[in-house]
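Once you've looked at the hints, dock chains C, E and B against the given chain Y.
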Amino acid sequence: MNWLMAAFQTLLFAALAPLLAGWLKWCKCRLQNRKAPSLLQPYRDLFKLTNKQPVVAEQASWLFLIAPYIIFSATVLAATVVPLIAVDLPTSASADVIVMVGFFAFARFFLALAGLDIGTAFGGMGSSREMTISSLAEPAMLMAVFTLTMAASTTNLSIAISHVLNEGLVLRPSFVFALFALILVAIAETGRVPVDNPATHLELTMIHEAMILEYSGRHLALIEWASQLKLMLYGVLIANIFFPWGIAETFGAQALGFGLLAIMGKLALLAIFLAISETLVAKMRLFRVQEYLSFAYLLGLLGMLSHIILEASR
Amino acid sequence: MILVLAYCAVLLSFASGLLALLMNQRATLLELSQYWFKKFPNSNGHYLRLIDSNLKENRFSHLLRLTVFAVLGLSGIFAVLAGVSVLISKEIVTDQISLGLPWLPWHVRFDCLSGFFFLIIGIAVSAVSLYGPGYVHAYAEKQHPFAVLGLFTGLFISGMLLVLLADDAFFFMIAWELMSVASYFLVAFQHEHAANRRAAFLYLLMAEVGALAIILGFGVLASFTDGFTFDALREAKLSSTWASIAFVLALLGFGMKAGIVPVHVWLPEAHPVAPSHISALMSGVMLKVALYGLIRFCYDLIGEVQWHWGVVLLVVGTVSALGGILYAMMQTNLKRLLAYSSVENIGIIFMVLGLSMIFMDNGHPHLAALGLLAALFHGFNHALFKNLLFLGAGLIHHQTHELNIDMMGGLIRRMPQTSKLFLIGCMSISSLPLFNGFVSEWLAFQTALQVDVLDNGVLRSLIPVAAAALALTAALAAACFVKVFGLIFLGQSRSRNCDKAHEVKDKGMLAGPALLAGLCFFSGIFPGVIIYLLNSVAGQLLGQTLPNDSALGWLWLAPVSAEQASYSPPLVLIAALIAAGISFWYLRRNPATVMRRAEPWDCGFGGLTPRMQYTSSAFTMPLRRIFAKVWIIDEQIDKDMQGAMNQDVAAIHYQLQVHDHSWPRLYEPVAQAVNNIAKQVGRIQTGNIRVYLGYSFVTLIIMLWVIS
Amino acid sequence: MNIIQQDFYTQAILSLAALVGLTSFLMLGQGRLLRLIFVFAAQGLLLTLTTAVAAYSLNNHHLYISAVLTLTLKVIFIPWMLRREVIQMNTHRDIEALHNQTAVMLGGATLMVFSYYVLHPIVQTTSAVMLNALAVSLSVVLLGMLLMISHRQAVAHVVGFMSIENGLFFAAIVATNGMPMVVELGVAFDVLVAAVLFGIFFFHIRTSIDSLDVDLLNRLHEVDK
Amino acid sequence: MIAAYLVLLIPFVGIVFFALAGHRADNGKLNVRFNAICLLATIWLAINVLNQGAILSSGKAFLIDPFNVYLIVLTAFVGLTTSIFSSPYMAHEKELGKLTDQRLKLYYSMYQGFMLAMYLVLTTNNMGVMWVAMEGATLATVLLVSLYRTPESIEAAWKYFILCGVGIAQALFGTILLYYAAVQVGDVENSLLWSVLYANAEKLNPEVLEIAFVFMLIGYGTKIGLVPLHNWLPDAHSEGPTPMSAVLSGLLLNDALYAVVRNKMLVDGSSHSNIAGFLMMGFGLLSFLVGALFLHRQKDIKRLFSYSSIEHMGMMTFAFGIGGPLATFAALLHMTVHSLTKSAIFVTVGHAAQLAGTQSMDKIRGLIKTQPQIGWGLLIGTVSIAGFPPFGVFTSEFLVLLATMHSYPWLTPLLLLGIGIAFAGLFRHVQPMVYGEKPEGQQSIKANLWPVMIHLGLVLWLGLAIPGFLANWFSQATLLISGSTPL
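Chain order of the listed sequences is Y, C, E and B. Counted from 1, the first sequence has number 170 at position 170 by the numbering used here; the numbering is strictly sequential. Counted from 1, the second sequence has number 600 at position 600 by the numbering used here; the numbering is strictly sequential. Counted from 1, the third sequence has number 221 at position 221 by the numbering used here; the numbering is strictly sequential. Counted from 1, the fourth sequence has number 445 at position 445 by the numbering used here; the numbering is strictly sequential.
Isolated chain Y, as found in the complex:
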């Protein structure tokens, strides 16, 4: 039963990810008062790509060809770990939050290698920048996550979430810090403004796009889908860790339905915030990113310390 539940959630994740992306685009268009594409546009794109004939550079190696599958499945695995609409997942016991970060690293590793494989300048640029930013972002992220895990004294996400849930409404300064740190990291990791701009292919600003320039067809589809998944993952992470209310604790039908509605609501809200910020903030230079991320790291550290000193002191 639990395992089925986990599988179901995963599928749900995969299914909803494009929708979130579409919703985000929609909000942005409205904010920049342009005419918005339909919410289902991402689905159409993916479908189209999967049926196109992929064109691959001559010197592309086997690694280039398997990379998309690895990236996608790593991201999906990360999704299996995060409780979406119900807690008490067996999967999040078999792989805790550190492993989830590991999955991201796994995907990133192959993405960067794929960027280097063809031997174009863009690919190298993209992977270099991606690895730089992520290596700065990862400690900040872990700091934020550790604050939670230490508060709940577990690295198992579903247990942690239910712990927060059962605690009721406790205002923890540490969580405030952690929340902001996590948001900043999420923006950096999912390649949104101000760190990276998914909408542009302007050479010198590309990061994520630069790596996948050579991809087409189903490969591109997988990568796109994976990045949409990643975006949603971070969203769910933020939503369910810090505002877990509404998530189902039993596998009753209406509890699950309620949980689904709850998470969709939260995600919609988050997307709106993100859209607003992306409209208001301009993209920053690459070498400002380190300040940005070190700020995130600082927040995470503050959260950790405030947890240790204020909350868990004995």
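Where hints are given, some of them may not hold.
What follows is a set of in silico ranges between Cβ atoms, one per label pair, in the way DEER data are often shown [what the hints assert, rightly or not]: (1) C:Arg-625 x Y:Ile-272: 34 to 42 Å; (2) C:Ile-88 x B:Ala-54: 55 to 63 Å; (3) Y:Glu-291 x C:Glu-304: 43 to 51 Å.
In case anyone wonders, no lab produced these hints; they're calculated from the structure. Glycine is no exception: its CB is placed at the ideal position from the N, C-alpha and C atoms.
Relative to chain Y, chains C, E and B alone:
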């Protein structure tokens, strides 16, 4: 019985060394056999023919190489057997060899700790012995005699094994120095390059200094007890100050061997210049022997550890880990890069060891056990993948005669097997899930996350920071090895050597790395096995084993408790396979979408050239900007001007050198000081006999005055 | 102690000791090689006298032999050899300019006092005479070294060396009425061989640096110039 | 007892023979034979002593106890191996035209003379005779130092002669004082005999003995090469023929130290202030450190290793100064391994210098590539002398360290510092010589490296395990010197 296995391992490695000496003795052997058969003409002619054919000029050397490495491999297998059997049986066997001083024979003790390191050495040696014959074939006998290489390899390995067996200070030092000196000769093996000689000298010097520190450490212990057997040293009752002094000396001595920052400088000099399979042993295994020394000294001999040692280790380890990986990032010589990344891994190990000490002294033995296990596990992993990577580097060098990353590229198509093995190494070392590097890192994080149980506020805030540093290290390592694999194997080749490169013929040279790669994957999927073995170490050392409280120990990893944290690589693997399988099946089902190859888009500049690719320095440029303070960077760009008024640029030359801070800060001052003092002292040798008479006159007067 | 109360032998010994010390001082201040050698011979003679007196008053026969040895070696052979060298080198005319001679002399005086001070503990074991004689001989030894330090001529060095030998010999006689015979002979033999070797070396040194100034023997040094 | 007389007789015959017989082609071989017979005699002697304890000859002229008998055997052994080395070496020197038959004759005769002096120093029971023999050793070697008649060699010989002469004279003064002190208590005739002196050591007046010891220390210390009395040593070693350097380092220094230790035993017996020990420790440590520092600045290969001799003699003196069974045992062991190793090194150094045609280290290169035995010999020898296990030097240095930690812990850092500096000083010079490509036109030469292998083999053996009889021998000597034994 177990001890017999251990002895066999030592003796066999020794024997392989002696066997190598026969290399130049072909003629003698020939005469011997002739003589033998003249003596006994009626003996079986078949053997005669056999021996004669084997003593033929062309066959003999090849055959001998094979035998030498076979014996070595046998010793490796015996080491593994000994290690595993002691780890399973959990016994402690002791013995005495009637060598050494008349009143202090060599004491031998073989317990789980030694056994585990035996296991490590055994695996590494077996892999190397598979790899060796093909590799050393490249050396011209005249220029680089195999006799020397084989002899000192044998001595080196037997030295390491003896260190693990030693149970008294004297024997320990002898074995330790045997290890150092033998490896020194191996570092100096290709001594026609001045740089190698310099590296060898530096290496031996540091080894000597470290050894002196260790002797002093033993001496401190010994001055509180009588006798130099470890049993006696265990009895020593030290005041906490003296214990700390002993610890600092041990840290200096063993740390110098392990290559912790800032006394690491010899390591990136020495390891790369040895033959690759030796670098593999030095970097993968010898550093572990140093680790063994530290653990033995602190946990076993001194006995009760103190938490502020843990803090020292934590800080030193953090600095080494970050420094190591950042320096590794900047290297362009593959083997130097790997050596620096050894510094990083040793740093991680020391961090976790520090955590375990902190928990131990604060009365949480089970967490201390967790830390110790994480440290040992990471040691084990590092031995595996660092060996793998060094052997891979050897393969690359063997095929392309290149070690400079910027000269490589595109090898994934020319050396497919090698590239796969190397990829596994890279994934393990950058601690990606499903591989062994990740498991130990995960355990390390779990250890760090238990900080809540501590009372001391400083520790409670220090440890999380260290954990974050660990995270940063891991991420940087991933970046570093993306660079390594990407520049070496991917893209287009940047030099003619790489164009001509092809997969290595010798099967053994692939079998060795393959063995290691397999183990990397296996212990990444079934860490429970290793944990089980390690538990007996912890049990003997701390009297506390790790609770792995989950139904299927081999399937699950739940070091503290199932609620707090758990990880099940097999399930993850299955899930991953399912996900990949489904997507693969789903996307390949449509026959219309068969893949088409085409020129990559070159932005309309006409033709991508290899020179357009990112180089190592370009790849690491952002990080170089961000962490600029860490290195001594001298970067120079000079332009060739041409045309009217020399206005337009013909070519731009970019040179980048990245140096280590500890040269000007630590080493050169010391050398300067010694030279200056020596200069001053030299003045007393004036060459004037009257001055000399004056010396003895004054000395006499002073002595007489002193005496009365 | 009072000199009046001592018997004649002691008085003789003491005055001879004084004379020996005096000769050492003379040598120390001596710039001309020939005179140096002459004074050295005189010291040897005094030594012989001392030995003879001791031999007579203690009627200890083997001391006569050593007296004869001393006479032949220290008074006749060595001075003759050195003189020959000096003449051959015709360095007998030039005077060695001794730097701050007064200081050297004062130093010598302090040395004498010093040797009394050093040997003081011996008083309690024996008569003050012994102390006196021993102190003189010690100071002769030290003065001999001082002589070598202050003079630059190889010949002077040999003289200094030999005067040190004299000092030892004097000590041996007055303190212990001579060493055992075998030792006496051995020492004498060594001195003889040494003298011969010195002769050889003068020859070699002269051939190599055609001078006997030891300050010129300074190729083997380790000072960065 | 006959053995003892034989030991003295054979070299004497040697002197006379070589002096009179005129030049012969096979002098070298004969020299070897003489030493070989001598070695046999010493072994016989040793066996006697080990069976029936110390021997006092009739007429009390000679005293053979475990302490000196082992030095005697060592002397004979090193003498033999060095002569084995020297016979082809000197022949080659003659081919190079550095020597004439006449000088070769002198060389062999003086070689025997030196051996005789050494044996006499060791066997005699009479302090005075010991002094005479010691001076005799100087006289015998001084002509050998100047054998090549180059200005440098003559200068070196002159300094050697004067400094050692003056020094030894002070030793004689010490002897006289001792005699004087002895005469006060004992019978006049025999009171210079060790046997008698030891018998009534505690009756002797301590003050006098201490003064005497100072003279002895300065006197014989000059021969040991203790800083600041060492100045003659590097010159003499570097300018004389290499076999001479080998025996000087291997034997003369040891025997001078032997003399000092004998006196120390006496002083310890008389006064209980351990002042002698402190003096020796001071000198030893100073020599050790200064010698180690000097290594860094050398340009001449033989000077380099002579300074390392100074350093090691310093360590032995220090160890003897510490006293106590462990330190004494270590010092005895160190005496053995040092003279074995150092003479072996000088053998290889000699060959290396002949190979390269120079002694200046900047010009000696690529030995291993040119002639592997020599290169490896030098390298292994250096590794051994630098105190790396499993060679014996490590064992003794380890024991010295332990003894120091036990009695004077605050001195150990100094020792360790010295060891480190000395190691660096040696290797920074040796490594470039042995490694690297060989210079143009450097040819391998005819060399006999058996002595090296034997010596290093023995040192290795001593490092791995000290055989029972030897251990018991050492411990007897230790018992004699320090009054107790580590076993």
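Now the hints, each set against the structure:
1. C:Arg-625 x Y:Ile-272: 34 to 42 Å: Because 35 Å falls inside the window, the suggested range holds.
2. C:Ile-88 x B:Ala-54: 55 to 63 Å: Given a distance of about 59 Å, which is inside 55 to 63 Å, the answer is holds.
3. Y:Glu-291 x C:Glu-304: 43 to 51 Å: holds (46 Å)
Hint violations for this structure: none, all hints satisfied.
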